[in-house]
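Starting from the structure of chain H, add chain B where the hints point.
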Amino acid sequence: MPRPDAIVVRLEDVRKDDIQLVGGKCANLGELMAKGVHVPPGFAVTAEAFRQFLEETKIGEIIHKTLGNSNGSKDPKQYEEASEEIRKILESAPMPPDIAGKVRSAYRELCEKTGDKNVTVAVRSSATSEDLPDASFAGQQDTYLNVRGEDQLVHYVQKCWGSLYTPRAIFYREEKGFPHEKVLISVGVQKMVHSKSSGVAFTLDPINGDPSKIVIESTWGLGEALVAGIVRPDRFIVDKGTMQLIHKEIVPKMVEHLPNDKTGLTMQSEVPAERRNVSSLTDEEVIEIAKTAVGIEDHYQTAQDIEFAVEHGSTGSSLYVVQTRPETFWSKMKGPAGETDSHIVHRVAVVHGLAASPGLHAGKAKIVPTTAEAGRLMKNKDILVTRMTNPDWVPYMKIAGAIVTEDGGTTCHAAIVSREMGIPCIVGARNATKLMQMGQEYTVDAKSGVVYNGLVEEVLKATQPQHEIPTVIPITATKIYVNISLPELAEKVERETHADGVGLLRAEHMMLSVGKHPRLLIEEGGSEKMVDAFAEGVRKVATPFAPRPVVYRCLDFKPDEFLGLPGGEKYEHEAGHVGPNPLLGYRGCFRYVKEPDIFRLECQAIKKVREEYKLTNVHVMLPFVRTLEDFRNARKILEEEGLKRGPDFKLWIMVEVPATVLLIDKFVDEGIDGISFGTNDLTMLILGIDRDDASIQEIYDERNLAVLRAMSHVIRVCSEKGVTTSICGQAPSNYPEVVEFLVREGAVSMSVNPDKVIETKLLVAAIEQKLILEGMRKTRQSNGEQGAMQPRWPK
Amino acid sequence: MFEQIVEWIKQNYGDARKIIEIGVGHRIDVAEQISKALPRTEVLVTDTNESLVRSREIGRVRAVTDDVMFPTLNLYEGASLIYSLHPPGEIVQALEKLANRIGADLLVVPISDERHDLPQERWRELVVRGRILGWLLNKRV
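Just so you know, the sequences run in chain order H and B. By our numbering, the letter at position 19 of the first sequence is numbered 33, and the numbering carries on one by one without gaps. By our numbering, the letter at position 141 of the second sequence is numbered 168, and the numbering carries on one by one without gaps.
In isolation and in its complexed conformation, chain B is listed as follows:
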């Protein structure tokens, strides 16, 4: 379901050195697709749940345990984009803070129920073919 997001990242972050997915949960396929689409970019995924991270297969995408509420900053340094798919509303502020601290763009794809929680004055809609796919912060047009 996130094919369009992968495509958009591919189009917009072709020269990114590092892209990070926060709160990867049980699925790593989106990060892997991004890594395949952008073979020169380091794609990293994080989650607070250590056993989830440990269950990841060793592949092209590196999985690391970290809590975005208390981030290990040097993990994120140099990232052009951090993104989170279906993050619980409670971590969005921490995502914002982190993105601002490291100067990265932030893409958030909330579940539909939490979409309207993002303050509209700071967030920009990510629109592809007329549909809203997610919300962006810092992204320069």
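Chain H extracted, bound-state conformation:
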């Protein structure tokens, strides 16, 4: 046990109780060494050394005085100024000779031990209140790598002392209530590992807190680049129960960090081509790291986040643990969805997957590859185990107590439907149909994504479905369609609203999901990716609604909205597409004609859905049509791509520009099957209001007589020529009087947001009945039945 006034202590001599002397980081390392974990040799410059330094140089008083001025303040600038001042003082003061002497001598001892007379070391701060379970703050203090020689070491030890006073560290201590004067800092000095590769191991899944996984991320060279987020790491997931490598993701690694022998610092260099796509860890190394990680977690009895390095020597590779600390994010939350029941921890986990719908259920498993078998075998509250579900499975899912599927992620069919129904569900549970036995009892813990053998006493109360649908939804003559932005929710929307179709399927969110500017995709040869992604999005919507119509509106991002996508800057800004007002700029139908290759991809996606998936209920709507010529040209491209108007393929245009209103008869003659008002833009353009300009928004009103007259004109012309009319702007959702206006004018349909469908149906039904009544009255009046509606009792 080290003496409390020790200036320097060898790591192998410290234990976890020495936190006050050597800080959390070094105490942990000493503890690990004692446990037999391979840790690079080194020593700690103690907190006592720092205290003596402050005392002997008398700068402790200056520091606390400076800090006192900024205490309690919330102004970041004050923290920054105080920090800068303190660090300058700390780093420039000469280290007292007795302290420096001991540091130098410990370094020489390390040189001897490692057989390298000028051994390179890593110098890390180890604050005495850092790394405690509730106080971790990754990167809070500094690390200096590749330090060589006694002089450099002394310099960097002082720099580490200074790192106790970064603005962030000062703020953090105030936030957590640690008094500054009580927080001293120790400095860990360890032999640098000449890392072939390095990384971080988490003893739970950092993205969802799943404690049954070990997630390992690694890259070539030093771990610095990884921790700072400069490179994307290879990723490995190991199942903690079986110690099997269950997921491996090798990514191209373009740069690595290496020691720079000339400067003694680290440098970033390009990874040679032959190593870029090679895994930075072998499978054996991954398993070794996982085992070490579990050992460390067991030792501390709490989830850990462990930095490691792998060194290649003449006798093969050796694994070093460079640092370990408690994982504070999820451990504070105790698991992904609330507390884990302690009594099931020791049960035997059979399969793991992704917790898609939280809950706990115990029951008999029914392994059912097909719906036919489900029909034969599934009984109430059984656990439904299959590869993946689709809408045909819904009747069996309804009676299931829990659902386990082998495939799928959080947005797959089983996940969405089970969440809707409030049934516990685990998806992506590999080999569940093989590992689980027919008729045997299991406990499905869909909070942490684990299926255990046998029964667990406590079962969560089943949650009730959140939405109540009125028992009678009226059928209206005016069709009520729904607007959809997110294809993943289409099935749910269909089930909840019973809409008559989709009057506006937006393409913009599909483009965001693809995640790249379409021009960049084309240049990278990824056209097919866009076609497939769009086709899949449209399929997800058209399937639940079939045979009811789905009107796909072609992509109408404004040029500035494309900027959010990679490639946006180059293909919008630099290409000169972003004008002073993007709403009036390079958008809509005009764009399709200017850049037909992008538009053709959308056409191909629609064709694929209609022909390959046989979903002929999908139709196309062209947005922001300004001129007849643009319309003609766009229609020509559609036809060239095999989308020709016919009995089962309809072409609509949006009426948003006053020119389309004034020339609607010409558009009808050109050949359109339907129109839909985009009241947002129509109002903007009729009233001359910039929708982005806050100062004139008070004039913005879709009910303005000019807007209503425009719509009335279009509906009348279209009705005469048998062209269908609809609206997909927000006006009907916001104003019941607009709904009445449209019904009276003879609009064939209207399309509203999902939450407004039922409300609008009820409203339209009432208006239609009113119109029928009015019609009857008029008929009777015109037939001379003046008294028909008078009371029938005798006068």
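FYI, nobody ran anything at the bench for these hints, they're computed from the structure. These numbers come from a predicted model, not from an experiment. Careful, some of the hints might be misleading.
Unchecked claim - Each pair of labels, with its calculated beta carbon distance range:
no.	chain 1	residue 1	chain 2	residue 2	range
1	H	269	B	42	34 to 42 Å
2	H	384	B	66	50 to 58 Å
3	H	584	B	105	33 to 41 Å
4	B	66	H	394	49 to 57 Å
5	H	673	B	148	29 to 37 Å
C-beta: ideal position from N, C-alpha, C; glycine also.
Relative to chain H, chain B alone:
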């Protein structure tokens, strides 16, 4: 394109402990800029798409898989602001519900086509230099 949003958050949430972006999608740059501008604030991003979240580099911003329609509440607790850039209209109600449950401010920047979907009586425009940048809920003036 979201520089002004970052600047506004920097000006208004200097003392925030936690800020969360919901539905981060393919881009994490806005969250990273916020984290840089507010180094003392924990910035967290979420998305339902697990593979997207997994593809995030380990950096100063933590990415977590969560579905705002069925949120893991304790993830969001303590947040001063949650925001979502170009969210599909279907999730806005869930965002509202979540913000109200945890008592956070909510900032939504819809695509231009979905702007008018937000009920005007509850939402306030976020105006910077005369331009509407997004819509706010709960934000105390």
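How the hints compare with the structure:
In this structure the hint that residue 269(H) and residue 42(B) lie 34 to 42 Å apart at CB holds, the actual value being about 36 Å. A beta carbon spacing of about 56 Å between residue 384(H) and residue 66(B) agrees with the range 50 to 58 Å that was offered as a hint. With their beta carbons about 39 Å apart, residue 584(H) and residue 105(B) fall inside the hinted range of 33 to 41 Å. Roughly 55 Å separates the CB atoms of residue 66(B) and residue 394(H), a value that falls within the hinted 49 to 57 Å.
Under the hint 29 to 37 Å, the C-beta atoms of residue 673(H) and residue 148(B), about 34 Å apart, fit the expected range.
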